[in-house]
Amino acid sequence: MPELPEVETIRRQLAPAVEGRRIEDMEVLDQRWSAPALGVEAADAVRGRRIDKLDRRGKYLVWELSGDVHLVMHLRMTGNLLYTDDARFVRVRIRLDDGGSVVFADQRRFGTGVVLLGGDARDDYFASRLGVEPLSADFTADHIRELARGRRAPAKAFLLNQERIAGVGNIYADEALFIARIHPLRPIGTLRGKQFDALRAAVVEVLEAGIDARGATIDDFRHTDGASGAFQDRFLVHLRAGEPCVRCGTTIKKIRAAGRGTYLCPRCQRAPRAA
DNA sequence: CGCGCAACCTGTCTGC
DNA sequence: TGCAGACAGGTTGCGC
Numbered sequence: 003m004p005e006l007p008e009v010e011t012i013r014r015q016l017a018p019a020v021e022g023r024r025i026e027d028m029e030v031l032d033q034r035w036s037a038p039a040l041g042v043e044a045a046d047a048v049r050g051r052r053i054d055k056l057d058r059r060g061k062y063l064v065w066e067l068s069g070d071v072h073l074v075m076h077l078r079m080t081g082n083l084l085y086t087d088d089a090r091f092v093r094v095r096i097r098l099d100d101g102g103s104v105v106f107a108d109q110r111r112f113g114t115g116v117v118l119l120g121g122d123a124r125d126d127y128f129a130s131r132l133g134v135e136p137l138s139a140d141f142t143a144d145h146i147r148e149l150a151r152g153r154r155a156p157a158k159a160f161l162l163n164q165e166r167i168a169g170v171g172n173i174y175a176d177e178a179l180f181i182a183r184i185h186p187l188r189p190i191g192t193l194r195g196k197q198f199d200a201l202r203a204a205v206v207e208v209l210e211a212g213i214d215a216r217g218a219t220i221d222d223f224r225h226t227d228g229a230s231g232a233f234q235d236r237f238l239v240h241l242r243a244g245e246p247c248v249r250c251g252t253t254i255k256k257i258r259a260a261g262r263g264t265y266l267c268p269r270c271q272r273a274p275r276a277a
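Quick note: the first sequence uses this note's numbering, first residue 3, plus one each step.
Quick caveat, the hints were computed from the structure, so don't treat them as lab data.
Predicted, not measured: the structure shown is a model, and the values here were computed from it.
Heads up, the beta-carbon is just placed ideally off N, CA and C, and yes, glycines get one too.
There's no promise every hint is true.
Heads up, simulated DMTMM-like pairs for lysine to aspartate or glutamate below, C-alpha to C-alpha not over 25 Å straight-line [to be verified]:
no.: 1; residue 1: 55; residue 2: 43
no.: 2; residue 1: 255; residue 2: 221
no.: 3; residue 1: 55; residue 2: 210
no.: 4; residue 1: 55; residue 2: 221
Across the chosen pairs, the derived CB separations fall in these ranges [what the hints assert, rightly or not]:
no.: 5; residue 1: 33; residue 2: 89; range: 15 to 21 Å
no.: 6; residue 1: 151; residue 2: 248; range: 43 to 49 Å
no.: 7; residue 1: 86; residue 2: 274; range: 46 to 52 Å
no.: 8; residue 1: 274; residue 2: 26; range: 29 to 35 Å
no.: 9; residue 1: 100; residue 2: 249; range: 48 to 54 Å
no.: 10; residue 1: 19; residue 2: 214; range: 18 to 24 Å
no.: 11; residue 1: 258; residue 2: 70; range: 41 to 47 Å
no.: 12; residue 1: 46; residue 2: 229; range: 18 to 24 Å
no.: 13; residue 1: 19; residue 2: 230; range: 17 to 23 Å
no.: 14; residue 1: 32; residue 2: 125; range: 25 to 31 Å
Generate coordinates for the entire structure from the input sequences, incorporating the hints supplied.
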């Protein structure tokens with residue numbers, strides 16, 4: 003589903019088309035979209051503003067508008083942002099001053115959008131939800147070690163927790179743990195020194211590979227022009243239960259970890275003692 | 001506080 | 001063939 007590489011792919015594709023344009027109108031067809039501050043309707047808050055920058059934080063997409071207004075979107079699981087004026091399941095339509103349009107389409111209506119008035123409100127919004135950006139210089143083995151200290155949460159749950167590391171979801175967590183040879187149920191606080199290095203490197207590697215492949219399309223994710231990503235063809239363990247491990251040939255297994263379908267090589271990723 | 005889990009939602013797949 | 005139930009998953013909120 004849309005994780006960091008998928009959202010980054012959308013950002014890169016959409017930014018050239020929208021940055022510098024003005025929003026002529028925003029048509030809100032799903033009432034989950036709101037402006038919590040000042041009782042201002044979302045559409046009224048953004049109308050006429052210039053799009054200064056399209057940014058990303060974790061799995062969130064941020065439209066930085068003139069006048070210090072920020073439109074923050076989250077695609078959740080089935081949301082898509084398409085550069086077109088029509089599609090199935092359109093929840094929001096943004097018309098640009100050059101005649102172009104962007105629609106937020108979401109089959110399951112899980113996707114959300116919120117207008118935040120002022121950079122401070124935007125910063126507060128993210129500060130309470132998101133941890134370190136895994137592709138930034140702050141994402142070091144020492145940083146992960148600090149986050150993991152004393153915690154008994156399974157490694158998989160740790161990676162999925164956006165308050166610690168922002169942007170890793172179910173696909174990339176499985177792939178990173180396989181590369182780092184860490185069992186998904188291993189309590190994160192019991193990792194040894196070198197394993198933190200391996201985990202950092204693996205997370206960076208899979209996220210960059212995902213971006214290079216322009217994201218993974220399993221069911222719903224699409225590029226802004228409707229095309230599919232390619233990273234699903236490079237999965238090492240995710241969705242590969244019953245197939246041989248690319249490293250040792252052992253049959254890939256599917257288990258449940260952190261309430262999610264989780265794929266691993268039982269030989270490369272040795273089980274923790276008590277779990 | 002830390003952790004697990006249900007809820008949110010809807011389309012698709014599985015089993016009877 | 002039909003239908004009920006399971007499953008998919010990012011985030012939030014609740015309970016222990």
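Results of checking the hints against the structure:
no., hint, in the structure
1, 55 with 43, "22 Å, holds"
2, 255 with 221, "21 Å, holds"
3, 55 with 210, "22 Å, holds"
4, 55 with 221, "29 Å, violated"
5, 33 with 89: 15 to 21 Å, "19 Å, holds"
6, 151 with 248: 43 to 49 Å, "33 Å, violated"
7, 86 with 274: 46 to 52 Å, "48 Å, holds"
8, 274 with 26: 29 to 35 Å, "56 Å, violated"
9, 100 with 249: 48 to 54 Å, "50 Å, holds"
10, 19 with 214: 18 to 24 Å, "21 Å, holds"
11, 258 with 70: 41 to 47 Å, "44 Å, holds"
12, 46 with 229: 18 to 24 Å, "34 Å, violated"
13, 19 with 230: 17 to 23 Å, "19 Å, holds"
14, 32 with 125: 25 to 31 Å, "26 Å, holds"
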